[in-house]
Amino acid sequence: MGRTLAEKVWDDHVVRRAEGEPDLLFIDLHLLHEVTSPQAFDGLRKAGRQVRRTDLTIATEDHNTPTLDIDKPIADPVSRTQLETLRKNCAEFGVRLHPLGDVEQGVVHVVGPQLGLTQPGTTVVCGDSHTSTHGAFGALAFGIGTSQVEHVLATQTLPLAPFKTMAITVEGELPDGVTAKDLILAIIAKIGTGGGQGYVLEYRGPAIEKLSMEARMTVCNMSIEAGARAGMIAPDDTTFAYLRGRAHAPEGTDWDDAVAYWRTLRTDDDAAFDAEVVIDAAELAPFVTWGTNPGQGAPLSARVPDPASYEDASERQAAEKALEYMGLTAGQPLREIGVDTVFVGSCTNGRIEDLRAAASVLEGRSVADGVRMLVVPGSVRVALQAVEEGLDKVFTAAGAEWRHAGCSMCLGMNPDQLAPGERSASTSNRNFEGRQGKGGRTHLVSPQVAAATAVLGHLASPADLSDADVRTPAGV
Amino acid sequence: MEAFTTHTGRAVPLRRSNVDTDQIIPAHWLKKVTRDGFEDGLFEAWRKDPQFVLNQEAHRGATVLVAGPDFGTGSSREHAVWALQNYGFKAVISSRFADIFRGNSLKNGLLTVVLPQETVERLQQLAEEDPAAEVTVDLVARKVLAPGVEADFELDENARWRLLEGLDDISLTLREESAITAYEAKRPAFKPRTVVA
Ligand code: SF4
Chain U
1 MGRTLAEKVW
11 DDHVVRRAEG
21 EPDLLFIDLH
31 LLHEVTSPQA
41 FDGLRKAGRQ
51 VRRTDLTIAT
61 EDHNTPTLDI
71 DKPIADPVSR
81 TQLETLRKNC
91 AEFGVRLHPL
101 GDVEQGVVHV
111 VGPQLGLTQP
121 GTTVVCGDSH
131 TSTHGAFGAL
141 AFGIGTSQVE
151 HVLATQTLPL
161 APFKTMAITV
171 EGELPDGVTA
181 KDLILAIIAK
191 IGTGGGQGYV
201 LEYRGPAIEK
211 LSMEARMTVC
221 NMSIEAGARA
231 GMIAPDDTTF
241 AYLRGRAHAP
251 EGTDWDDAVA
261 YWRTLRTDDD
271 AAFDAEVVID
281 AAELAPFVTW
291 GTNPGQGAPL
301 SARVPDPASY
311 EDASERQAAE
321 KALEYMGLTA
331 GQPLREIGVD
341 TVFVGSCTNG
351 RIEDLRAAAS
361 VLEGRSVADG
371 VRMLVVPGSV
381 RVALQAVEEG
391 LDKVFTAAGA
401 EWRHAGCSMC
411 LGMNPDQLAP
421 GERSASTSNR
431 NFEGRQGKGG
441 RTHLVSPQVA
451 AATAVLGHLA
461 SPADLSDADV
471 RTPAGV
Chain V
1 MEAFTTHTGR
11 AVPLRRSNVD
21 TDQIIPAHWL
31 KKVTRDGFED
41 GLFEAWRKDP
51 QFVLNQEAHR
61 GATVLVAGPD
71 FGTGSSREHA
81 VWALQNYGFK
91 AVISSRFADI
101 FRGNSLKNGL
111 LTVVLPQETV
121 ERLQQLAEED
131 PAAEVTVDLV
141 ARKVLAPGVE
151 ADFELDENAR
161 WRLLEGLDDI
171 SLTLREESAI
181 TAYEAKRPAF
191 KPRTVVA
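So the protein sequences, as listed, match chains U and V.
Take 1 as the starting number for the first sequence in full-length UniProt numbering and just add one per residue.
Take 1 as the starting number for the second sequence in full-length UniProt numbering and just add one per residue.
None of these hints come from the bench; they were simulated from the model.
Careful: at least some of the hints might be erroneous.
As the list claims (entries may be wrong) - Below, a sample of chain V positions facing chain U; criterion: calculated Cβ distance under 7 angstroms:
hint	residue
1	Ala-27
2	Arg-35
3	Asp-36
4	Thr-73
5	Ile-170
6	Tyr-183
7	Lys-191
Unchecked claim - Result set (SDA-like, lysine to any residue): computed pairs, CA atoms no more than 20 angstroms apart in a straight line:
hint	chain 1	residue 1	chain 2	residue 2
8	U	Lys-8	V	Lys-143
9	V	Lys-191	U	Asp-256
10	V	Lys-191	U	Gly-421
11	U	Lys-88	U	Arg-49
12	U	Lys-46	V	Thr-34
13	V	Lys-48	U	Gly-421
14	U	Lys-438	U	Leu-328
15	V	Lys-48	V	Arg-15
16	V	Lys-32	U	Ile-74
17	U	Lys-393	U	Arg-372
18	V	Lys-186	U	Trp-255
19	V	Lys-186	U	Asp-257
20	U	Lys-8	V	Lys-186
21	U	Lys-164	V	Ile-170
22	V	Lys-32	U	Ala-75
23	V	Lys-191	U	Arg-52
24	U	Lys-321	U	Tyr-310
25	U	Lys-8	U	Phe-273
26	U	Lys-321	V	Glu-121
27	U	Lys-438	V	Asp-49
28	V	Lys-32	U	Pro-415
29	U	Lys-8	V	Arg-15
30	V	Lys-48	U	Ala-419
31	V	Lys-191	U	Asp-236
32	U	Lys-438	V	Pro-50
33	U	Lys-164	U	Ala-271
34	V	Lys-186	U	Arg-16
35	U	Lys-46	V	Asp-168
36	U	Lys-190	U	Arg-204
37	V	Lys-143	V	Glu-118
38	U	Lys-46	V	Val-33
39	V	Lys-186	U	Asp-256
From the three backbone atoms N, C-alpha and C, an ideal C-beta is built for every residue, glycine too.
Could you put together the complete structure from these sequences and hints?
Printed below as a string of C-alpha cells:
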C-alpha cells in the first residue's frame, strides 16, 4: 500500500521507533524568535545543556520589533528586555541571529523560505503556530510550545505521536480576482476551526498546482486556523525554480541529488488519506471574515449571517457573541462595513507578490479620508525588493504608511495596534477578540481586498473600484 | 515536571467555545521572559467584567476548568498553560482541545481531559448549581467523578505514564543519544545548514 507525502517525510525522519511509544523524529531546521524562546534557553542553562545542532538553528526578531524609528532604542522596556534576552542567549549558545536592523531580519516564516533554508522533505519546527507556512515546499512543518523548543535545542529531535492525513483537493481553476487567501478562508469556513484537528492537510489538485510558491505559503500558513497541525503541498518544478540559487539551496551535484529525492515526495496513487475534502475552485469568490474566529467568514457579496440560522447551539452562541463584539447586525451587507484601518503584512500576506497585488490596486488611487493604511513588509529583503520596484512610492503616494519589516499589527505586540472599537481590514490570519489591540475588530481579507477597502473606506474588492477613483495624474 | 496522579477540587464552568490562546493570555503578556507571574493575565479581557465566571465569589479557588469545545485554539504560546497553572488550575475538561495546546499542557503537568460534550455540559451545570461541589480527576483510574457524574476518559498510555511519573522528556530522549548520532551520520549531504561548518 502506498504512502502519502506526509507519511514519506515522517518515515524519513524516524530516529527511533518502539511499540507503544511516540516516534522520535529528527528535526532538520529549527527557527527561533524572541517570544517563545527565553524560557527554553533558561531551561538549558539550568540543566547545564548545550544547543546540540547550532548549524540547524537560526533566530530572528519579529514579534516585538517596532516598524518606525528602528535606529532608536525600543521604547517599551519589556519588549526591549525580550529582544536583549534573545541576543544574549544566541551569543551564549552560538546560534545565528538576524536582529533588528539586519538585512535578513523579518517575520520568521518569511525569512526561512527566502534564505532557501526551507526545503522539500525537511522537518521544520518553530515556537510559533504558523510554522505550517513552510509546508508549501513539501516540508513537514509545525508549531511547537516552549518546552518542545527546549527539547529540540537540546536533542534536535522531538517525540511525536503520528498525525492523521487529510486531502484537500481543489478542482478546477480559481476565477479571476480570486486569490490564495480567499481560497484558504473558504476552506476554513467549510471545514471549521476544528475541522483539521489532529490532521496534516495535503492541498492538491489542479488549482493548487497552478499557485505560485508565495500563494502556496499563504494557503499552508492558515492550516493552523483550520485546527490542523500542518499543511503540505507536494514539491514540483515551481518549488525547485523558487529554491534554485537561494543562499542555502544545495549546489552542484548536491542540487541534483536533492531534486532526485524531492521528486519522490508525492503521495502514491494507491495511498489512502484518513479524510478527504473536495473544493471546486470555480465556485469561489473574494472572501472576508465577519466574526471573531477565522471560520466565521463569507463571500464579500454576502450579508452578516443571522445567528438564529445556526442549528448547532454552540455555533449559534459563538455567532451571537461575535456579532456583539464586532458591532455588527445580522443581515447587514458585508460590503457596507466601514473600516478605520487597513493592514497589509504578516507571514500570511507580507511577501513581495502580496505587496505587488496591493500596489497594483492602489496605483493612481488614494486611501479614503479617515482611513489609515499600514503596509508592513514581511522581511527586510521583501522591503528592499519593493523599493527597487517602486512599490513603496505607490503606497506613500496613495496616502498609506510604509513601515519597517516585522509582525506589527498582526498581533499588536509592538506599538502598531487598533484602539478599542476600531475596525480593520487585515491581510493577517487571526481575527480573535483583541488580537490587533484591546477591543479592536478585525476582518481578514486578501491584499487585493485590503487595497480596494482602503480606497473606498468599506469592505470591497478591486471589481468595486471604478476609473473615477483614479487620481488625475499631476500636470494633466 | 510535577507528577499528576489524582486531583480533587471545585470546578468553574466556562461556557464558551473556541476559546483561543489570545483570550487565555493576551499577546502583551508574552513579553515576559519567565514561566511564572502570568496569573493576572489569564482571560484578562473577560475578567474586567465583574460578572465573568472567574470573578464570582462562589468560584474563587476552583482548580478544575470546565470549558466549551475547541479550547486552546490559535497561537502555540505555552504561556497559556503557564497562566492557567499560575492561576491555580490543575485540570481542564473540554470535549475538544487544539492539538498544540494539549501537547503543551501535558508537558507541563496540566491535565487536559476530553469528555463527550454532554458530560461536559453536565459538569458545567453542576458547577453552576452547586459551586461547592467537588470534581475528582483521577489519572490512575482515568475517571472523572462528581456528584451524579462518573465518566471514563482516554489518554494515550505514554503521555499518561510520563504524567504519573512526572518525567522530563529531554532526559528520556537523551537516553537515545546513540540513535540520534547514528541518524545524524546518515543524513544526506544536500540537507540545509544555517551556518557553514
Ligand atoms: S506575522 Fe503574525 S502570525 Fe505570523 S509569526 Fe508574526 S505574529 Fe505570528
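Here is how each hint holds up against the structure:
no. : hint                     : result
1   : Ala-27                   : holds (5 angstroms)
2   : Arg-35                   : holds (5 angstroms)
3   : Asp-36                   : violated (10 angstroms)
4   : Thr-73                   : holds (6 angstroms)
5   : Ile-170                  : holds (5 angstroms)
6   : Tyr-183                  : holds (4 angstroms)
7   : Lys-191                  : holds (6 angstroms)
8   : U:Lys-8 with V:Lys-143   : violated (37 angstroms)
9   : V:Lys-191 with U:Asp-256 : holds (12 angstroms)
10  : V:Lys-191 with U:Gly-421 : violated (48 angstroms)
11  : U:Lys-88 with U:Arg-49   : holds (16 angstroms)
12  : U:Lys-46 with V:Thr-34   : holds (13 angstroms)
13  : V:Lys-48 with U:Gly-421  : holds (16 angstroms)
14  : U:Lys-438 with U:Leu-328 : holds (18 angstroms)
15  : V:Lys-48 with V:Arg-15   : holds (17 angstroms)
16  : V:Lys-32 with U:Ile-74   : holds (16 angstroms)
17  : U:Lys-393 with U:Arg-372 : holds (16 angstroms)
18  : V:Lys-186 with U:Trp-255 : holds (18 angstroms)
19  : V:Lys-186 with U:Asp-257 : holds (15 angstroms)
20  : U:Lys-8 with V:Lys-186   : holds (17 angstroms)
21  : U:Lys-164 with V:Ile-170 : violated (25 angstroms)
22  : V:Lys-32 with U:Ala-75   : holds (16 angstroms)
23  : V:Lys-191 with U:Arg-52  : holds (17 angstroms)
24  : U:Lys-321 with U:Tyr-310 : holds (13 angstroms)
25  : U:Lys-8 with U:Phe-273   : holds (13 angstroms)
26  : U:Lys-321 with V:Glu-121 : holds (19 angstroms)
27  : U:Lys-438 with V:Asp-49  : holds (14 angstroms)
28  : V:Lys-32 with U:Pro-415  : holds (17 angstroms)
29  : U:Lys-8 with V:Arg-15    : violated (41 angstroms)
30  : V:Lys-48 with U:Ala-419  : holds (17 angstroms)
31  : V:Lys-191 with U:Asp-236 : holds (18 angstroms)
32  : U:Lys-438 with V:Pro-50  : holds (18 angstroms)
33  : U:Lys-164 with U:Ala-271 : holds (13 angstroms)
34  : V:Lys-186 with U:Arg-16  : holds (14 angstroms)
35  : U:Lys-46 with V:Asp-168  : holds (14 angstroms)
36  : U:Lys-190 with U:Arg-204 : holds (16 angstroms)
37  : V:Lys-143 with V:Glu-118 : holds (16 angstroms)
38  : U:Lys-46 with V:Val-33   : holds (14 angstroms)
39  : V:Lys-186 with U:Asp-256 : holds (18 angstroms)
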